[in-house]
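Novice: As you go down the protein sequences, you meet chains S and U in turn. All you need for my numbering is the position in the first sequence, starting with 1, plus 1235. All you need for my numbering is the position in the second sequence, starting with 1, plus 4.
Hints are not guaranteed to be accurate.
As the list claims (entries may be wrong) - Below are the EDC-like pairs computed for lysine to aspartate or glutamate, each with C-alpha atoms no more than 16 Å apart in a straight line: (1) 44/U with 1323/S; (2) 45/U with 1250/S; (3) 1284/S with 42/U; (4) 1343/S with 89/U.
Stated by the list, open to error - Far from chain S, some chain U residues (derived; all Cβ distances over 12 Å): (5) 10; (6) 15; (7) 18; (8) 24; (9) 62; (10) 66; (11) 116.
No lab work stands behind these hints, which were simulated from the structure alone. These numbers come from a predicted model, not from an experiment. The beta carbon of each residue, even a glycine, is placed where N, CA and C say it ideally should be.
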Amino acid sequence: AQSVTQLGSHVSVSEGALVLLRCNYSSSVPPYLFWYVQYPNQGLQLLLKYTSAATLVKGINGFEAEFKKSETSFHLTKPSAHMSDAAEYFCAVRASSGGSQGNLIFGKGTKLSVKP
Amino acid sequence: DTAVSQTPKYLVTQMGNDKSIKCEQNLGHDTMYWYKQDSKKFLKIMFSYNNKELIINETVPNRFSPKSPDKAHLNLHINSLELGDSAVYFCASSQDIRGGTRLSSYNEQFFGPGTRLTVL
């Protein structure tokens, strides 16, 4: 069975500082990994995805993530935080075995706060 | 144009009532999903349909019944609502290729804006 763990339910950074949101996965097969962002009272928007091509994935709004198989990690980064980045961020792995194939298995989310 | 839409956005109702949430996607996708997000923001799959056929049915009470009249729509009907059903329900869609019982394509899922259900 696959799973995703997001370390830190709440991360606070200053505007202009580096953003690092951690995600570790567990999968017995090559994983397909995603980062989604949820702004207050809105649905989920895809930031980026890893589907076994390049290990460094660039997404929207200046975010990127690096797939590290040796560390089973897929951490999300952004060099310089902006106030508009304040939101909930979800890491997810695509289920690929058993009866639940195709759906996303989400981490518990990390709330990013950006201080002026 | 809205890619994945849900109605209503807010739904407040009494315990014991029956309610429906509608979802439509205009992306031409063949797979649609329902997820539940609880008060702690945890998201979990409920159902998945591929070309109007049920693919995933997680451990959801049978008071919840999805209905897919065509591949662009996946509605969620809930009978005898309970307090614990209060949550935000998200519809999503993706383009997947199904061979037998396996979904073999891994495109991203597009989410609707969510329906906040409050059961009093």
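Novice: Look at each hint and say if it fits the structure.
Specialist: Cross-check of the supplied hints:
no.: 1; hint: 44/U with 1323/S; verdict: 11 Å, holds
no.: 2; hint: 45/U with 1250/S; verdict: 25 Å, violated
no.: 3; hint: 1284/S with 42/U; verdict: 24 Å, violated
no.: 4; hint: 1343/S with 89/U; verdict: 19 Å, violated
no.: 5; hint: 10; verdict: 8 Å, violated
no.: 6; hint: 15; verdict: 14 Å, holds
no.: 7; hint: 18; verdict: 24 Å, holds
no.: 8; hint: 24; verdict: 19 Å, holds
no.: 9; hint: 62; verdict: 7 Å, violated
no.: 10; hint: 66; verdict: 17 Å, holds
no.: 11; hint: 116; verdict: 5 Å, violated
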